[in-house]
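**Q** Each number in our numbering comes from the position in the sequence shown (counting from 1) with 335 added on.
Derived by calculation from the structure, the hints in this document are not laboratory data. Misleading hints may appear alongside valid ones.
List of simulated lysine-lysine pairs, DSS-like, C-alpha gap at most 27 Å [said to hold, decoys possible]:
#, residue 1, residue 2
1, Lys356, Lys341
2, Lys485, Lys461
3, Lys469, Lys485
4, Lys485, Lys472
5, Lys461, Lys472
Okay, the calculated beta carbon distance ranges per label pair [to be verified]:
#, residue 1, residue 2, range
6, Leu368, Lys469, 28 to 36 Å
7, Gly395, Val444, 19 to 27 Å
8, Ala494, Gln459, 31 to 39 Å
9, Pro414, Ser452, 18 to 26 Å
10, Gln459, Asp346, 41 to 49 Å
11, Ala371, Glu337, 22 to 30 Å
12, Val445, Ala349, 39 to 47 Å
13, Pro453, Arg345, 42 to 50 Å
From the three backbone atoms N, C-alpha and C, an ideal C-beta is built for every residue, glycine too.
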Amino acid sequence: MEKVRKGLARDLVAEVRALDKQLAANAAHLEELVAAADSTLMQTPGIGPVLAARLIARVGRASRFPTAAAFANYTGTAPVEIASTDKSRHRISRSGDRQLNPVLHTIAVVQIRMPNSPEHAYYQRKVSEGKTSKEAKRCLKRRLADHVWKVMLADERRAQSPAATP
336 MEKVRKGLAR
346 DLVAEVRALD
356 KQLAANAAHL
366 EELVAAADST
376 LMQTPGIGPV
386 LAARLIARVG
396 RASRFPTAAA
406 FANYTGTAPV
416 EIASTDKSRH
426 RISRSGDRQL
436 NPVLHTIAVV
446 QIRMPNSPEH
456 AYYQRKVSEG
466 KTSKEAKRCL
476 KRRLADHVWK
486 VMLADERRAQ
496 SPAATP
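Could you put the whole structure together from the sequences, leaning on the hints where they help?
**A** Quick look at the structure:
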């Protein structure tokens, strides 16, 4: 019985190691693709090759959104007011591309965990203003949507500039 358990454990460890290698190879390939797209998204703390690739693939051209608010609405990070009797609250919009919201959520969580980052300070300031953790994170996601849109727009403009073409 012990030999069977050890054999299964050995097989599982080998499988996990193979999957880790495959994940590392995929991340390296995505990093190459993001670099080929001439994107500076990975310069933002919390955005690695996987998240940058997901943003580029899901958004396409950032210039198709006339404003940061339109982009935030598309990503589902624009707050929607919910009014009930005397109380008015905000929640995340459920419209737009629902696969972009988790990307921004992941970036927000990573930035909140970085104690020396401006985003961490912003989140803490929102909490100290009386917002709940969820509300403060929602505010940070909205702010991140603005930042991502500006970076993608700048990347697009830089790629279209005459100096960028050979």
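**Q** All hints, please: hold or fail.
**A** Hint check:
1. Lys356 with Lys341: 23 Å, holds
2. Lys485 with Lys461: Holds: Lys485 and Lys461 sit about 23 Å apart, inside 27 Å.
3. Lys469 with Lys485: 24 Å, holds
4. Lys485 with Lys472: 20 Å, holds
5. Lys461 with Lys472: 9 Å, holds
6. Leu368 with Lys469: 28 to 36 Å: Given a distance of about 34 Å, which is inside 28 to 36 Å, the answer is holds.
7. Gly395 with Val444: 19 to 27 Å: 25 Å, holds
8. Ala494 with Gln459: 31 to 39 Å: Given range 31 to 39 Å: holds, Cβ gap about 36 Å.
9. Pro414 with Ser452: 18 to 26 Å: Holds - the Cβ-Cβ distance for Pro414 and Ser452, about 23 Å, lies within 18 to 26 Å.
10. Gln459 with Asp346: 41 to 49 Å: 46 Å, holds
11. Ala371 with Glu337: 22 to 30 Å: 51 Å, violated
12. Val445 with Ala349: 39 to 47 Å: Given a distance of about 30 Å, which is not inside 39 to 47 Å, the answer is violated.
13. Pro453 with Arg345: 42 to 50 Å: Because 47 Å falls inside the window, the suggested range holds.
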